[in-house]
Every structure is written in C-alpha cells, then in structure tokens.
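> What follows is the residue order along each chain.
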Amino acid sequence: MKAQASAEQETATKTGADLLVEALIGQGVETLFGYPGGAVLPIYDAIYRAEGSFDHILPRHEQGAIHAAEGYARVSGKAGVVIGTSGPGATNLVTGIADAMMDSIPLVIFTGQVAKGVIGTDAFQESDIMGITTPITKHNYQVQEIEDLPRIVNEAFHIATTGRPGPVVVDIPKDISSTVYAKEVKSDFHLPGYQPTVKPNPLQVSKLHDALVEAKKPVVLAGSGVIHAGASEELKTFVQNYQLPVTTTLLGLGSYPGTCDLSLGMAGMHGTYSANTALYECDLLINIGSRFDDRLTGNLKHFAPNAMVAHIDIDPAEIGKNIPTHIPIVSDAKAALEALNAKTVKGLHHKGWMDAISQNKIDYPLWHDQPDELIVPQWLMQKVYEYTSGEAVVTTDVGQHQMWAAQYYQFDRPNRWVTSGGLGTMGYGFPAAIGAQLADMDSTCVAVVGDGGFQMTLQELSVLQERRLPVKVLIVNNQALGMVRQWQEKFYSERYSESIIDVQPDFVKLAESYQVPGYKIETQEELLEVLPKVLGDDQPAVIDCRVLQKENVYPMIAPGKGLHEMIGVKR
Amino acid sequence: MKRIVTATVHNRSGVLNRVTGLLAKRQFNIESISVGRTETEGVSKMTFVVEVEDDRKLEQLTKQLNKQIDVLKVSDITDKAIVARELAMVKVISNPQIRSEIQGIIEPFRASIIDVSKESVTVQVTGKSDKVDALIDLLRPYGIKELARTGLTAFTRGHQPQVAEFKSYSLLK
Ligand SMILES: Cc1ncc(C[n+]2csc(CCOP(=O)(O)OP(=O)(O)O)c2C)c(N)n1
Ligand SMILES: [Mg+2]
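So the sequence lines, in the order shown, correspond to chains S and G.
The number in the working numbering is simply the position in the first sequence, starting from 1, with 391 added.
The number in the working numbering is simply the position in the second sequence, starting from 1, with 8 added.
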C-alpha cells in the first residue's frame, strides 16, 4: 500500500527523461554506453537520479560508445544501448550505426535533439539525424509527443532485437525529455507493418530434405544468422544427421565448431582452399543465415556454378538478392533447422565428396613462413589461440590482422568472435572489446588490432584505466596499413602510396600514461616469455607486438575473380 | 520493363523519405511517385511507376519496400485489371485566333481549358499516361510554356477476371 502511494507521487513529477529511464528499466537494460551534452542533459539528470539502475560507460568519443555497444550486443545477445547528444554527438555515432546495420547488430540509440519549437531553424547543435540515419537504420523515430515515448522505446527494442536484428534510432527533442508529465501513459504497441516470418514453410523444408538426400556434393554455408538465432546446437545436429561439410562466413565463425572434422573453416576472399573449392564444386549449397556478400562469393558469374541453392534467411529480401535461389526458406534459422532435424535421414549419396574434401584439407592447409627470430603474424595468432585455449572472446579491427585472426583462431562456440564485417570499420576492434568484456567478465577478452586502426579509437584506454577492465589489446604492429600495402603490392606494382607508417607513438609509454601495463615484443623468444603471462593475468594490457612488415594474407581471391581462382594456396 | 507498384504506408513523418531514399540507394529507376491519403485514417497510398531490368530486380524492389516497418502492403498491379489515372496541366502559348484550334485538338481527349490569358491557355487533361503523352505531343508545336504532371495513381478494379494469370509478388514463386 505504502509503496503504491509513493509510486503515485512519483508519477506526478515525472519528466520525459524519467519515462525513458523507466522504459529502459522495463526492458531489462543494465548497461548504457553514452556521452552527455546539452540536448541530453535532462536524460543524464534522470539517469543520475535513478542511481544504481544502470552501469553507464563513458567513452572518450561517441564512436567508442557505439562500437562498445556493438561488442556488448554481439557477446551478450541483448540489444546494446547508446546515448548521444544532438548535432555532433549524434553525427559521431553515424559510423557505428552504419556498421551495426551492415552486420545486423541489435542496437537502440537515443539521440538528443533540439527542442521541437526550433527544429528546422539550424539551431545550435541541430542536425537532421532522422534524415542522416534513415538509410542506415532498421527504423528510426523522432518523438513528437511525450506520451508516445514509452511506447516508442518498447517498439524500438522490439524492432532492434527481433527478425533480422539491426539498429534503431530514437531522436528525442529536449523539450520532450524535460517536460513534466503526470498522466498515465500507454506503452503497449502494435506493428501491423512488421511481422517477421519465423516459421519455415514445411513444403520448402521437405524440398530441401529431398535435395539433401539426392545430393552428391552438398555443402553448408553458415552465416551470422545462425548465431543471432542461437541455432548452433541445431546446426550441429543437422550437420551430423546429413553428414555435411560446413564452411562459414567471416561473421559466421563460431556458429559451427571450427575444430570439428566437418568444418572447412572460413570461405571467401581469404578463406581456405577446401572451403572455397567446396563452394565452387558443390551441387547443393545450403546457405543458412548469410547474405552472399561479395567478399564471400567473389565474381558472381563463377559462384557455385553447378549448384542448386537453398537459402534459409529470416530476411526475405536477402533471398535471391545476389544469387538465384532454388529453395527459398524464409525462417528463423533455429526453427528451420529444427524442422529439418525432425526428418529421418537414410541413404546419403556423397561419401566420395566427403573423401575429396578431407583430402583437400590435408593437401592444402593454411601456410606461412617461419623466420628464425622475428615474428610472423600468423604464428602470433596461433600462439594467442594456444595461450587462451581457444576460449577467449576475440575482437578485431579491420585489415590483415583481422583476416589472420579469422584464419587461425578456431572458435568452437558462438558469440566469441566480434569483428566488423560488412562495413569494415577501422577503429572498431578496441572499443568493441570494452563492450564484449563487460558482457562477459569471466572470459579473457583479446582485442586484436592493427597499428593503424588502434590509433583511430585508442582514447578509450581511459575506460580501461577507469574500470580496470582486463581487456588485452594486442597490436599486430607491421608499421603499415598492411591490407592497403598488400593490395598495392599485388595490384599497383608495389607503389606504396601512404601505406607505410614509420612514425608511431611509443605504445608502451602511451599505455602507461593511462596506467595500463604496456609491453613490447620483438622476437619469438620474447613472445614465448611475455605473451602467456600477460594473457593469463587479470590486468588490462597493451601489447605492441612487432611483426614482419611485408607478410601477405593468403590464400587470396583477387577482385573480380571467382572462388576457383585463388592465389597463394601453396607456399 | 515498366511496372506499377503500389504501397500502403503508415502516414508518419519520414516515411516518404525512407521509401524514396531506399529506392534511390538501391538504384531503382523511378519514373513517377504519387502519394495521398486513403479511406483509412493514418494510412496513405503511394503509387510508383518504375523501370526495372528483370523479375529479380522487381522482386528485390517489392521485398525491400515490404521490409520497411511503416509499409503495410506492397502490390505490383501492372498485370491486374486496374484503373490508372494521371493529371497534367499544360500552359500553351496562344492568341485568340488559335485558341479555338486548340479547343478542337483537346476535345477528343476530354481535356478542358481551365485558365485563359492574352498569350496563353492552360489545359487540364486526365487519363492514362499514354493519353496524356499524346495530347502533350499535339500541343507541343504551339509552344509549351509550362507543364506539370501529377504522376500516375492507380488501383485494381472491383472485378478481376478469373482467367488471367497474375504476376503478383510471391516468395514461393
Ligand atoms: C575507417 C576506415 N578507413 C580506411 C579503411 C581502409 N583500410 C582497410 S584495411 C586498412 C589498413 C589497416 O591498417 P592496420 O590497422 O595497421 O591493420 P593491418 O592491415 O596492418 O593489419 C585500411 C586503411 C577502413 N577499412 N576503415
Ligand atoms: Mg598495420
């Protein structure tokens, strides 16, 4: 009774910002990534007054906040929540929003906006964030009436996390967050225009089953849709039932155990020979939750030329977008796999294919040189894998180191691999690791970054300093924008235009100035001594690991080429 | 190929921007768009005339439109029995002598003169786009000072013939 009375009293003094805070609590939000400013002062005041309700992470740049939220979402499976102020605060979030859109990461982003009365007058720190983010969000809202706020928040979380996940922006004018509102508000919603199909059509499932039984050369391509659907166990059963080889996309790593016999590793531009060859030669391709990105398919003309294509995707627009599809299955991956797993399998016809694939795995493994003393990045990745027993959460930045991490770190579980795939955002890896670590405090979290990309967002070392988060930043330091340099070597006659970087900060001192232990590793001997220790302790760390500058990522499919035209397959 | 696609949408601010932005981003060629309210409060209807390469492109277009949260229903009505109309206003240079000549030209089109001045007349014509095109072609020799077209708006007829095979949007085609 007493509690009720005080609750009623509270109603009387609630601002729009309080309604927002309540809605966030109602959504089970525990962690916020945000940066204050004029237009969100009322929101920050409400957060202050709701002390203890949230763990608020203050990055040193809004881009850090949103990448951290992406890492958090990727590892926790929950929506990442971001707050930014109007104008520059909001525009600083744009790269992260586009990144989340490309990689289907569920985010709910709250931006402050100038007061409704001055929208459209080029007011101080006004930006048309609705216009700017329309093409890079699953949906966006500008709150027009205070009583709509709780409903919009609930809709935003629903849209961000269901169907094909993605970012949703909620733009809140300052007068709405600051106005006191005493009346009852409704927070339930109905979205007639948004009803994702989650259950597969049984007819199509039977078609796929029949095709699987008939197939002489089947292969599964698993994308991050499997991970979003939480369908890894179902995938294992499916693959076991039908005895299928499995390759994954970059973002699909971990959807199927990388160390399993049936795993071919990653496919695509820097995929394994066995994976790409299987995709090229197969007669039945079962794509589960991948969008046939061009980095995966290579030249479309040569992609799986003899295959019947089955595509399971919750987003109907992905089916048939790039590759003509014979068996379309619009469905949540888990539901589709469950339906397939309910079928009885007998009389498979692809034993010869499996033998050939196993032989490819043996004959064409990943390879690299091994100098006497200095470190090659591929070996470094193997050591990271070894020292963390394959159990770490690994985030990466974008470039050569990203591809080496993808090739050499074998993920046996989903939600351990955090990388920017679709947008390829340099500066992503380190802040993403902060969010990833917050989502899983019990795991070792390694941010594998390039010397170039780390310098785009390294200011977030402040967060490690402040929180003592034990993130291990591993700089794969080739003193170059390595991936750019590799392309210049291969396709521009070694004209290294702006890709060799001789001038760098002293990363050890830099780390130490943030009170983060810094280490420099230059030889194999040093690595063997330092790396296991640092990866094993409970402190944050920055490890400047010097690697050979001119190493290339192989194998490789040159732009415009097909999956059968790999180079660097053998030494 | 030219297609007529209609979409009913929630009449929220930004929905037009989202839909046209999406079509531009995916490089669809829009010939015309018309938008207006419908019989249902809060629901608007958009009619697009688009030029697409093939069926796959067309399927992409309808799917991408359908994906938008505020889009309620998308239909490609090109091959259905439909009524489709466009309105155009044409300001033609004319002195009193040739005004009656123009009158004679527009009559078979059931167009009308809605404004007259010393140097010009304004003709209003309603109909299918090819009819509007034809009239404009006939008026062009007189000198067109100004031309405005609304773009096509369309819906299906009350009665659809049973025999025709409709090429409607389907996932399981
Ligand atoms: C924000 C951004 N700018 C530019 C690029 C283009 N780009 C892709 S990889 C790369 C080089 C990255 O260098 P580094 O971080 O040192 O990684 P490395 O390739 O050397 O491992 C560049 C510049 C990008 N992906 N993102
Ligand atoms: Mg580098």
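For the record, the hints were derived by calculation from the structure and aren't laboratory data.
Please note that a few of the clues may not be correct.
Stated by the list, open to error - DEER-style ranges, computed between Cβ atoms:
1) G:R20 x S:P587: 18 to 26 Å
2) G:R118 x S:T570: 52 to 60 Å
3) S:H581 x G:I122: 40 to 48 Å
4) S:H955 x G:L24: 41 to 49 Å
5) S:G419 x G:A32: 54 to 62 Å
6) S:I958 x G:D145: 56 to 64 Å
7) G:E47 x S:W878: 35 to 43 Å
As the list claims (entries may be wrong) - Heads up, simulated SDA-like pairs for lysine to any residue below, C-alpha to C-alpha not over 25 Å straight-line:
8) G:K71 x S:Y585
9) S:K712 x G:D87
10) G:K65 x S:D684
Unchecked claim - Pulled from the structure, derived: some chain S residues nowhere near chain G, Cβ distances all over 10 Å:
11) L449
12) M521
13) I550
14) Y585
15) D601
16) Q631
17) Q634
18) D652
19) D706
20) G813
21) R858
22) V875
23) E889
24) P946
25) A949
Yeah, the Cβ is synthetic: ideal placement off N, Cα and C, and Gly gets one too.
> Give a verdict on every hint.
Taking the hints in turn, this is what the structure says about them:
Our hint of 18 to 26 Å for G:R20 and S:P587 holds, since their Cβ atoms are close to 20 Å apart. Look at G:R118 against S:T570: about 55 Å separates their beta carbons, and that is inside 52 to 60 Å. Against the hinted window of 40 to 48 Å, the Cβ-Cβ separation of S:H581 and G:I122 comes to about 44 Å, which satisfies the hint. Taken as a hint, the range 41 to 49 Å holds for the pair S:H955 and G:L24, whose Cβ atoms sit roughly 46 Å apart.
Look at S:G419 against G:A32: about 38 Å separates their beta carbons, and that is not inside 54 to 62 Å. In this structure the hint that S:I958 and G:D145 lie 56 to 64 Å apart at CB holds, the actual value being about 58 Å. Roughly 57 Å separates the CB atoms of G:E47 and S:W878, a value that falls outside the hinted 35 to 43 Å. A hinted pair counts as satisfied when its Cα atoms are at most 25 Å apart, and G:K71 with S:Y585 qualifies at roughly 13 Å.
Only pairs whose Cα atoms come within 25 Å are accepted, and S:K712 paired with G:D87 is accepted, the gap being roughly 23 Å. Distance hint between G:K65 and S:D684 is fulfilled; the C-alpha atoms sit about 17 Å from each other, no more than 25 Å. In this structure S:L449 is separated from chain G by more than 10 Å, as the shortest Cβ-Cβ distance comes to about 31 Å. Its closest Cβ contact with chain G, about 6 Å, brings S:M521 to no more than 10 Å, contrary to its assignment away from the interface.
With a closest Cβ-Cβ approach of about 6 Å to chain G, S:I550 is found to fall inside the 10 Å limit, against its non-interface label. A cut-off of 10 Å between C-beta atoms contradicts the statement that S:Y585 is not in contact with chain G; the least separation is 5 Å. Distance check on S:D601: its Cβ is at least 16 Å (rounded) from any Cβ of chain G, clearing the 10 Å threshold; non-interface status holds. With a minimum CB-CB distance of about 29 Å to chain G, S:Q631 clears the 10 Å threshold, and the non-interface call stands.
Chain G leaves S:Q634 outside its interface by the beta-carbon criterion, the shortest separation being 29 Å against a cut-off of 10 Å. No beta-carbon of chain G comes within 10 Å of the beta-carbon of S:D652; the shortest separation is about 36 Å. The Cβ of S:D706 sits about 7 Å from the closest Cβ of chain G, inside the 10 Å cut-off, so the non-interface label is violated. Separation of S:G813 from chain G is adequate, the least Cβ-Cβ distance of about 15 Å exceeding the 10 Å criterion.
Interface exclusion of S:R858 from chain G stands, the closest Cβ pair being 36 Å apart, more than 10 Å. For S:V875, the non-interface assignment is confirmed: its Cβ lies about 27 Å from the closest Cβ of chain G, beyond the 10 Å cut-off. Listed as outside the interface, S:E889 is consistent with that label: its C-beta sits roughly 30 Å from the nearest C-beta of chain G, beyond the 10 Å cut-off. With a cut of 10 Å on Cβ distances, S:P946 stays outside the contact zone with chain G, its closest approach being about 31 Å.
At the 10 Å boundary, the C-beta of S:A949 stays outside the reach of chain G, the nearest C-beta of that chain being 26 Å off.
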